[in-house]
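Participant: Residue numbers (the numbering used here), protein chains in the order written: chain A, 1 to 559; chain B, 560 to 971; chain C, 972 to 1444.
Misleading hints may appear alongside valid ones.
[Claimed, not checked] Derived list of chain B stretches under chain A, where covered just means 3 residues or more per stretch with a C-beta under 8 Å from a C-beta of chain A:
| id | stretch |
| --- | --- |
| 1 | 591-597 |
| 2 | 606-619 |
| 3 | 869-878 |
[Said to hold, decoys possible] Some chain B residues judged to face chain C by a derived CB distance under 8 Å, without partners named:
| id | residue |
| --- | --- |
| 4 | Y686 |
| 5 | E694 |
| 6 | E716 |
| 7 | Y743 |
| 8 | R919 |
If you are wondering where the hints come from, they were derived from the structure by calculation, not from laboratory data.
None of these values were measured; they are calculated from a predicted model.
Don't be surprised by glycine CBs; every beta carbon is placed ideally from N, CA and C.
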Amino acid sequence: MSGAQNGNGSAENSASGSQSHRGASGGKDGKGRAGSGNGGNGGAAKPPPLGRRKTATALSPSLAANAHAIRMQFHHSGDLRLRLLSSGALPGIQLAALYLQGIVDEEAIRKNVLEPLQAAEAAAPGSLKGKGRLKDRIEQLRLNVISTGLTEPVRTLEGALDALLLGCCLLLVEGSDEAVAAEAAGGETRQVGEPTAQTVIRGPQHAFTESARTNIGLIRRIIRSERLTVESRRIGRETCTEVSLLYMNGIVDAEIVKEARRRLDDIDIDSVLDSGYIEEFIQDSSFTPFPTVLNTERPDQAAAGLLEGHFAVVVDGSPYVLLGPVTFFRFFQSPEDHYQRFDIASFLRLIRIAAFFISMHLPALYIAITTFHQEMLPSNLLIGLSAQREGVPFPALVEAFLMELTFEVLREAGVRMPRAIGPAISIVGALVLGTAAVQAGLVSAAMVIIVAFTAISNFVVPQINIAIAARLIRFLLMVSAGILGFVGIISVDLFVIIHLAGLYSFGVPYLKPVAPYVKGEWKDTFVRAPRWSLVRRPVIAQKGGRRRQPGGKPKRQNS
Amino acid sequence: MSRGIIRRWALLLAAALLFLPLAGCWDRKELNELGIIAATGIDVTEEGKWKISYQLVIPSAISSQNGFTSTTESPVNVFSTEGESVRGAVSRATQEMSRSLYFGHNQVVVIGERAARKGIGGLLDVYLRNGNSRETVMVFVTEGEARPILEQLLPMERISGNALTRLIALEKESGGNFRPQTVYSMLLQLLGPLHASAAPGIAINGSGEGVRSVDANKSTSTPSKVRLQKLALFRDDHMIGWIRTHESRGLLWLRSEVSGTTISFPCREGGPKVNSARITGLKTKMKPARSGDGWLLQADVEADATLFEYTCGGNLHDPAAVAGIERMLGQQVRSDIEDGLQASQRLKADVAGIGEAVRRKYPHTWKGIAAEWNSRFYPEMKAEIGVHVGLIKTGRSNRSYEQASEDSRERK
Amino acid sequence: MKAKEASVSAGQIAVFLVLFTIGSTPMFELGSEAGQDSWIAISIAAAAGFCLLLVYRALYNRAPDTNLVGLYKLHFGKLLGGLLGAALAVVFALESMRNVRDFGELISATLLPQTPMWCTMLVLTGIVYYTARQGVEAFFRVNQVLIPVLAVSYISLLGLFLASGLLDFNRLRPVLENGFRPVLHAAFPDILSFPFGQVMVLMMFWTYARRSPSTGAMSYGAYIGVSLFLIAVNMVLMMVLGPELYRLAELPTLEAVEQIRLFNFLERLDILVTLLLYIGLYVKATGLFFGSVIALRTAWGVPYRAGALVMAPLIFTASFLEPIMSQHLWTGMTVYLKFSPYYQIALPLLMLVMGIGWVKKKAQRQAGQGGAKAGAGGQAKGREAGGQSGSGQSGAGNAAAGGAEASGSGQPGNGKAGADGSAEKAGSQDGQQDESPGSDGKNGERNKARGAPADSDAKQPSSGSESPEAGST
């Protein structure tokens, strides 16, 4: 109903009668930008998400009726506060300020809304009988008196609800069917702290928090360029979560941004509780263990990604920012690679990649070699292993599965244990279980070593989501090794490679730059070349925006 | 068919395939189902059947789960089976063995003389045809039966199969009398144009029946030992005779396969061989040439020598003395080579590979004489051996001890 | 709802050629009847194969927008061409089947003797089919991932051979002991047909790389490189095994590698070789499978996915046609070797000769029927005296793939130059529109709308591979 869209005071339904949200009318208001009738959200007018509001009911001129309607919608929730007041600027007219207690900054409301209103003088004496004049008056109030950051007129009940829910203070005026929403979002949020999961030794130590505002601010503080563009929208019918798409205009490829934007706009979901929800919607393929979207809790990593031509998605309420498009090798890059010198960085990166493969293959290799291809072992090792396995009741495959599953259980338990006893129990669990099992003759010592090393290798990879892929594939490899030995391992490897070769991340082939082979791309893939030689941005960036610095070795004093 | 239905069936099929492991994994062999064989012995019984002996390794006697090795258990166990064919005999092992025999780590095969003389063609075929028998296995021949060799325990070694490989490798490096002979190189030689090969001999020396129990190792010396001696020559796939150890060395000289050896030589010709030198860096060039109706071999041998032991007079700074030593060394080497040649000529088997040189140099002529090379031309071949030994190091003293003590008496 | 056409770079073609030719070649004793001169036989056959490659490339240049089956149709007319195309599809399928069977035999002989062959062959067939589902571009990318593995492995093996002292140059002498006759006899037709003649399959793939100007040069270079490699491998094998053992052994490479023994622990590496052969067989089987399915589609319009779905089980079951290995080998030796000269050598030569002058014009005429003229077509060999009619527009940098097939009426409007960068809206040259294999119902739209990260510069070698291939054509 386009009528509802403009909201030009057309009172189709009376405010009290409009309870239904499930109407055939209305519908997708979400597409419009600057929905001035329905907006009333704090900040830049972000339209409510798809499907959230199905109707648009106009406000009534009666303050009491409006207040009552609003209260009814909230089912008389206790944290909806109503404060009646009057202002010198509108003498004789009743005003009411509504806000939801937990999400507003009450101090700001007091200072910026209530006090100025109460202190305001009548601007122009004269008759206030006519409606028009009232409207102008209110408009003046809004513009001159209320001193919060942003104010918007609100004309519908749904708009009023949205305004309240998003942390605005709603000002109702008796006799006017237009209300004013003043931005006053506040409430307790977490302080900027240290990253918990993605830590580095050298490098910035701040991390994203749950507030999108803060997060975007953190990024802005790093990238002081006007090319950094922020496009926000709200997603989630019940949560109305602010989701922002960030990119460097001129660096990022326009097609990629278009695609990202399209996917975000397509999301119609009930709630968004974490960036993971968004990730599952915008990723390329759900049926793959490999992630196609990177997440980070470090602003410097997000900024680095943006500067290289990725886009970022900041989700309010989640300290993890999504980066895309992303290739397989990006997951092995730790931000620390870029803060330490290039030789140690290259070495560590190679170790990471090696560790990833080890953590996938080691148990399977053990199974394959000891049950199918014993010729590959040197004689002494074979005899040693044979001696160890004397009396072990289970075949190697079962043994491996048991140990791996035990370790997964231990790991999962370690996540949830209270801080005080957590480390102790996990160490005890691992050591005691392992050693005791060996001595009881249930498993062989070599198996314990292998499982332990595998698990440790798994943690080496900087990004957890791809380490998970390794964990899952590891079991598949073990099974196939148990059936077909090396042939099984190679078959699964081939299968995974083919799968990766056909995977895309927002249009970029997943295995770039290895396949398709791109010549100049290798300076930051397996090893990191010295910083002064990283002249060009990766290929995902736009063609024109590739060159980032002049390059060349820095001049030395004595050269 | 709609996409959904295809998908469902495909998933069902995939799920069904996941039950494949339950069908039994066909090639799996757990480690504790294997009987690891370290050495094999080949014999022939009086009835002409093959008798195969196996040296089975007992892992828990060698190393165990907790790192404690049991020293009371013998590390190996030897048993034999008989059969009409080689693999037939092996398959009989299932009648007395609880584990499946695993030959993947078999290092050594010892062939008894009777079996060698009968012919090892069948054995070679087994090695070629089967994937789990490696051609890197080392071949030894023994007078008498092979089984007693397998039963021997060597000092300081837990598994005698491995020990024998180390034994012969060391011999090649330092002793120079024998070199390891694998099935692979035997095949190459027997299938090659010369159809002749050799294998080192092994025997039990000393008194008594040999060291067969762990208890015997509890004393400081053992009554008998396994040692390498003599070389067995093969032609066409059966053994034709033995030649002595130093003759074997001579032949190895010719093939440039001596890595290092120690030679004893006299001060003067004909004298007692009280000096010694170590030879390294050997290179032989063989030049065959026609001489009349037969052939002449011109061989040039060059080697480097390091003096180990010296009792003659004279000062080593004196070039004449050095030349004398070199001459003596050269004579020793030459006599070894000539002995070796004559021995192999006597047995009519060109194991030195001279025929190969002929073939390379005179390919057309070779075609005509190849068939009779071993029988006719080789035995009648003459040889001119030129040996030049260069003394490169004389050690840390410049005169012999005798000389020095003589000199010190004179000075008084 | 149009699928984007697969696009491949010249480098990827070269990589594929190398892997494909190496393929399962180390499994067989090439030129064994020439004794120690087998390497000479291989060299001669490689040279002859190079001439064949030139012939194929010349044929391709007549109609760069289509593949071998398209060429059949141009030369022989739609009906006969279609029949030939279908026959070609069958031939490729059979050859692919042979590779699957080779794989089964190999694994059964070496690594997994007790495992029934249907299991291992099912695994390989499954992997081949899965690759086909992922599309042509994915397959070429897989090759790019695999080639470093192969390169490193073979070089290490060479190094190990050197270090272990197994190489004996004398085993290669005397050279030409028996003269040239056995050498020539070994080279033709045996070695020429396998492995060198099988590069014919390239003709099915060259069209995907047509936007890259250096495809021809890189194909030649890759061919030369891989020929040298095969010659070197053969020499090494001969140096290790000697002529008799080489001839005696069923799997000479494995036999040779088994002898490596270093440092007391580095031994028994034949497992490594088996795995290298696995990869080689996979590339061959998949390449031929693709060739078969693409041929089927170009010939009779069988949609890609249906074709793949049908061909895969066919190949799997057909691989059981020969009950035992010696039969399988015999079939290979006699039946294939007898027929392959016809379709590898005779037919292309015939086409080359009879098509002088008119085929190219016909191809370009048909390209014009579908819409805008085909741009930048020609690596013209200057056969036509009249000049290329289409070349007048060859300067136009339109990245439009005009080439509508003779069979299908090109979609009107397909020929229009693609609006955005490298995104090709034009259908494939045989007018087939297939859905991207990876797309299901709801993801379908997403796949179609994948933007090509703009590398609109057609010169960049990687550009082609960047455009997301939403399914091979």
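Participant: Is the interface hint satisfied for E694/B? The criterion is a beta-carbon contact with chain C at less than 8 Å.
Facilitator: holds, 6 Å
Participant: With chain C as the partner, please determine if E716/B meets the hint condition of a C-beta pair closer than 8 Å.
Facilitator: Check failed: Cβ of E716/B comes no nearer than 14 Å to chain C, outside 8 Å.
Participant: Please check whether Y743/B passes as an interface residue: C-beta within 8 Å of a C-beta belonging to chain C.
Facilitator: Nearest chain C Cβ about 5 Å off; hint holds.
Participant: Y686/B was flagged as interface toward chain C. Is the shortest Cβ-Cβ separation under 8 Å?
Facilitator: violated, 11 Å
Participant: Should the interface hint for R919/B be scored as holding, given a Cβ-Cβ cut-off of 8 Å against chain C?
Facilitator: holds, 5 Å
Participant: Against chain A, does the stretch 606-619 of chain B show at least 3 residues with beta-carbon separation below 8 Å?
Facilitator: Answer holds; 3 residues pass the 8 Å Cβ test.
Participant: With a C-beta cutoff of 8 Å, work out whether three or more residues of the stretch 869-878 of chain B approach chain A closely enough for the coverage to hold.
Facilitator: violated (count 0)
Participant: Would you check chain A against the stretch 591-597 of chain B, counting CB to CB pairs closer than 8 Å, and say if three or more residues qualify?
Facilitator: holds (count 4)
Hint compliance for this structure: hints 3, 4, 6 are broken, all remaining hints hold.
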